[in-house]
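Chemist: Those sequence lines, one after another, are chains A and B. This note's numbering applies: residue 804 is where the first sequence begins, and numbers increase by one. This note's numbering applies: residue 804 is where the second sequence begins, and numbers increase by one.
Hints in this document: simulated from the structure, not taken from any laboratory. Certain hints may be false.
What the hints assert, rightly or not - Okay, derived cross-link-like pairs now, DSS-like style, lysine-lysine, Cα gap no bigger than 25 Å in a straight line:
1. B/Lys879 with A/Lys879
2. A/Lys1138 with A/Lys1187
3. A/Lys1210 with A/Lys1195
4. B/Lys1083 with A/Lys1225
5. A/Lys891 with B/Lys1053
6. A/Lys1187 with B/Lys941
7. B/Lys1083 with A/Lys1187
8. B/Lys1030 with B/Lys1088
9. A/Lys1088 with A/Lys1069
10. A/Lys891 with B/Lys891
11. B/Lys1210 with B/Lys1195
12. B/Lys1225 with A/Lys1083
13. A/Lys1030 with A/Lys1014
14. B/Lys896 with A/Lys892
15. B/Lys812 with A/Lys896
16. B/Lys1138 with A/Lys1210
17. A/Lys985 with A/Lys1088
18. B/Lys1014 with A/Lys879
19. B/Lys1195 with B/Lys1207
20. B/Lys1207 with B/Lys1225
21. A/Lys858 with B/Lys807
22. A/Lys1235 with A/Lys1225
23. A/Lys1069 with A/Lys1025
24. B/Lys1088 with B/Lys1069
25. A/Lys896 with B/Lys896
26. A/Lys1017 with A/Lys1069
27. A/Lys812 with B/Lys879
28. B/Lys1014 with A/Lys892
29. B/Lys824 with A/Lys824
30. B/Lys1053 with B/Lys1017
31. B/Lys1235 with A/Lys879
Claimed, not checked - Listing some non-contacts, in silico: residues in chain A with all C-beta distances to chain B over 12 Å:
32. Pro808
33. Asp1013
34. Cys1236
Model, not experiment: these values are computed from the prediction. Using N, Cα and C, we set each Cβ at its ideal position, and we do this for glycine too.
Number of protein chains: 2
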Amino acid sequence: MAQKPSIPKGTRDFSPVEVSKRNYIISVMRRHFEQFGYQPIETPSFENSETLMGKYGEEGDRLIFKILNSGDYLDKVSPEELQQINYKKLTAKISEKALRYDLTVPFARYVVQHQNEIEFPFKRYQIQPVWRADRPQKGRFREFYQCDADVVGSTSLWQEVELVQLYDSVFAELGLEGVTIKINNRKVLSGIAEVIGASDKLIDFTVALDKLDKIGEDGVKKEMLEKGIAEEALAKVQPLFRFTGTIQEKFEKLSQLLTTSEEGQKGIEELRFICDNVMKLGLQKAQLDLDVTLARGLNYYTGAIFEVAAPAGVAMGSIGGGGRYDDLTGIFGLKNMSGVGISFGLDRIYLVLDELNLFPETITTATQVLFLNLGEPQAFDAMKAITFLRSKQVKAEMYPDAAKIDKQFKHAERRNIPFVVKEITGSSITLKCLRTGEQSQIDVSGILEKLT
Amino acid sequence: MAQKPSIPKGTRDFSPVEVSKRNYIISVMRRHFEQFGYQPIETPSFENSETLMGKYGEEGDRLIFKILNSGDYLDKVSPEELQQINYKKLTAKISEKALRYDLTVPFARYVVQHQNEIEFPFKRYQIQPVWRADRPQKGRFREFYQCDADVVGSTSLWQEVELVQLYDSVFAELGLEGVTIKINNRKVLSGIAEVIGASDKLIDFTVALDKLDKIGEDGVKKEMLEKGIAEEALAKVQPLFRFTGTIQEKFEKLSQLLTTSEEGQKGIEELRFICDNVMKLGLQKAQLDLDVTLARGLNYYTGAIFEVAAPAGVAMGSIGGGGRYDDLTGIFGLKNMSGVGISFGLDRIYLVLDELNLFPETITTATQVLFLNLGEPQAFDAMKAITFLRSKQVKAEMYPDAAKIDKQFKHAERRNIPFVVKEITGSSITLKCLRTGEQSQIDVSGILEKLT
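Based on the sequences and whatever the hints tell you, model everything.
Modeler: Printed below as a string of structure tokens:
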């Protein structure tokens, strides 16, 4: 016998129940994205390598899956080149396509390529898989979905307001209570680095600050000192380590700290606009919070930075994140296109909903009624009834073979099918509810009534 | 300026309108698949190479996209091996994963891998992209979706009956009139080859017969002669070339032809069961037809063979196909699992619906009402109204910047947004219908009434 087959590490098969649950989350996101004016696009799974390479840093380049050219890919490689045994050089010769690493770079490519067909500002959403040659581990996969909503071509802060509302709407409809939408601004981080005289160490400074949750005040200070930030600077930044209170109180503290930084003040102003308007318009279920330690992908965000924390009590990192990047499409030659967007973490949202038992029972794709197969001619009567029920949107089927009745009942039980038709003669039907054991003698419209 | 970016040949970007139309077709299929008791599964985009290689013939192996191992993939290749400059041997060393080529082999792999969790007979559907390194040409892509419904673990012919009904249901809901579902049976083809004494030439015989549509009677005969089928045999097969009439008449002709072939008679019996029951249960819009020239992937089909022809008048090949294969999972070591399934050709169905103007107008994802941005404080009032409308499922948005009014109106026109809010003061709203030019003075619940 052949060896039992398997799938590559870091990838997953999804069972019917899992697909149904995932599709439920996706359909909720889709509906809200569209209510907010975001339009769906889809891009190819693989892009030309030059579209992707160099866009995610050296680490990113390494994690991009490359596709081998088809046919005799060695045809264009000289024996000398082969003998060098240099895999990086060889890759460029034998591979010209690569699997999508995220949805942002393909989106930027799409915008530039289709700029003449697009009406700006362009609000798009995209829900597709991406691939990363990361070391697989719990909760980290080599193939996973990203769900992104971005707008390009407007610097209006109303977009940020709306994106906070969008997070809130989606998580509210999913029934998630206690979600916190954290917001920060790159200019505030720059301002802090400026006032403590560490502008040249902005990245080191924010990377350390971002770890406050994990390594605590002492840990952060230690790391900052190691990176060459002065003791004196640390003293100035002290208020950030115990940055509590209401949003208004936080704004006041921050304003004091950043009095001398023009950029910092600009960041505060932007944050104020967003927070004020979000509060005045009201959120359904989520909390908005100002988190000055939030840095995320600082290298490309230029304004707002978002991150969504799962409800306290669920041990899960962020379930979403995003921000504004002022030059989204510059990498492909289209300048001055500001973009802002957010992403939803499908896998983590799934785990949170599962843990909190928040998937509605109604989302199952399972069959509602199974007709036992009693051989001919009853099988034909059953199929006639089934054909009618399906035309009325009922999920109905017949056990395909005239197997032993016990076996057929077990099949219904194992598949969690709630109703079984035990007998059918012409229009007379014996229906059994497997949950209650109750039996009734009805006709096909009686089934329809029970099931719709 | 950087060069305008592009995508790999044979791949496609999908615009918002295209995504909406594709999702409409997919959602119709999904609903009917589930009404018929098929459950969704999803498998990874790439499989271990050994799962795919050797399953699609030599040509197939060539067309499978291989993924380069990540990291230093030359590490395990000796300089001697490199110097051989043999790309086929090298591929096995530097690539261990490959992109899915169809959904059938991954399904077989899934069934074997998860056989202990699966309740048989197992009806599954799967709608995912596949990749083929085919030469791109009109209507043939390197990335395209397959939409398959298969059942494994039952030899009941009711499955075939049901699959014909499933085709009919989907195409009926899509509004497609004049679809023909053609059916044949491998055993009938074997029977014909047997009675004309050409059993050893079954493949050549059916490949030629399959071309009747394209090259006509003379062409087919010529090809058969060339392949070494005797003149005498051709005379016997003459009735097949003018195989017209009702299904009943066709069955009679076929029965006469195949009197001496046990296998042929078995094929006829199977076809009769399927056709009789389909006719008695009735089809909504499609025609069922017996087509003895239908061969398709003869090498693996063992029973029924299906193909769906687009309505006459639309120049489009088949929009679906399928059949029964008695040993679906044998390649992975699980014997005696009969499978039968059908596939829907998403791209072609899309083209047919487009050509016949059958996409409903309501499927658009477009925004219903755009609020002009008149700066503060109106912008806030607008966002307040929009927040309310969205909570009532209306697709509403505000132009993000306080740009010139003309520009904002043009934006609405270019995006085909039917309604524009020109002014808003507190609760008083001036709504303009861009189609009729009509203006009305209403409040936000007035908009709600107009738009839902």
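Chemist: Are the Cα positions of lysine 1083 of chain B and lysine 1225 of chain A separated by 25 Å at most?
Modeler: Cα-Cα ~23 Å, so holds.
Chemist: Does the structure keep lysine 1225 of chain B and lysine 1083 of chain A at a Cα separation of 25 Å or less?
Modeler: It holds: about 23 Å lies between the C-alpha atoms, which stays within 25 Å.
Chemist: With d taken as the least Cβ-Cβ distance between proline 808 of chain A and chain B, does d exceed 12 Å?
Modeler: Non-interface label fails for proline 808 of chain A: nearest chain B Cβ at 5 Å, not farther than 12 Å.
Chemist: Has the given pair, lysine 1138 of chain A with lysine 1187 of chain A, been kept, meaning a C-alpha gap of at most 25 Å?
Modeler: Given that 25 Å is the threshold and the Cα spacing comes to 63 Å, the pair is violated.
Chemist: Going straight from one Cα to the other, do lysine 1083 of chain B and lysine 1187 of chain A come out at no more than 25 Å?
Modeler: holds, 9 Å
Chemist: Please verify whether lysine 1187 of chain A and lysine 941 of chain B have alpha carbons no more than 25 Å apart.
Modeler: Distance of about 42 Å is beyond 25 Å: violated.
Chemist: Does lysine 1014 of chain A lie within 25 Å of lysine 1030 of chain A when you go C-alpha to C-alpha?
Modeler: Within the cut-off at roughly 14 Å; holds.
Chemist: Given the hint that lysine 1014 of chain B pairs with lysine 892 of chain A, test it: the Cα-Cα distance must not exceed 25 Å.
Modeler: violated, 48 Å
Chemist: Checking one constraint from the list: CA of lysine 1235 of chain B to CA of lysine 879 of chain A, max 25 Å. Satisfied?
Modeler: violated, 62 Å
Chemist: Taking 25 Å as the top limit, are the C-alpha atoms of lysine 1195 of chain B and lysine 1207 of chain B close enough?
Modeler: violated, 30 Å
Chemist: Does lysine 1195 of chain B lie within 25 Å of lysine 1210 of chain B when you go C-alpha to C-alpha?
Modeler: Violated - the C-alpha atoms of lysine 1195 of chain B and lysine 1210 of chain B are around 28 Å apart, more than 25 Å.
Chemist: Assess, step by step, whether the Cα of lysine 1014 of chain B is no farther than 25 Å from the Cα of lysine 879 of chain A, and give holds or violated.
Modeler: Not OK: lysine 1014 of chain B and lysine 879 of chain A at ~39 Å, beyond 25 Å, violated.
Checked against the numbered hints given earlier, the structure breaks hints 2, 3, 5, 6, 8, 9, 11, 18, 19, 23, 24, 26, 28, 31, 32 and satisfies all the rest.
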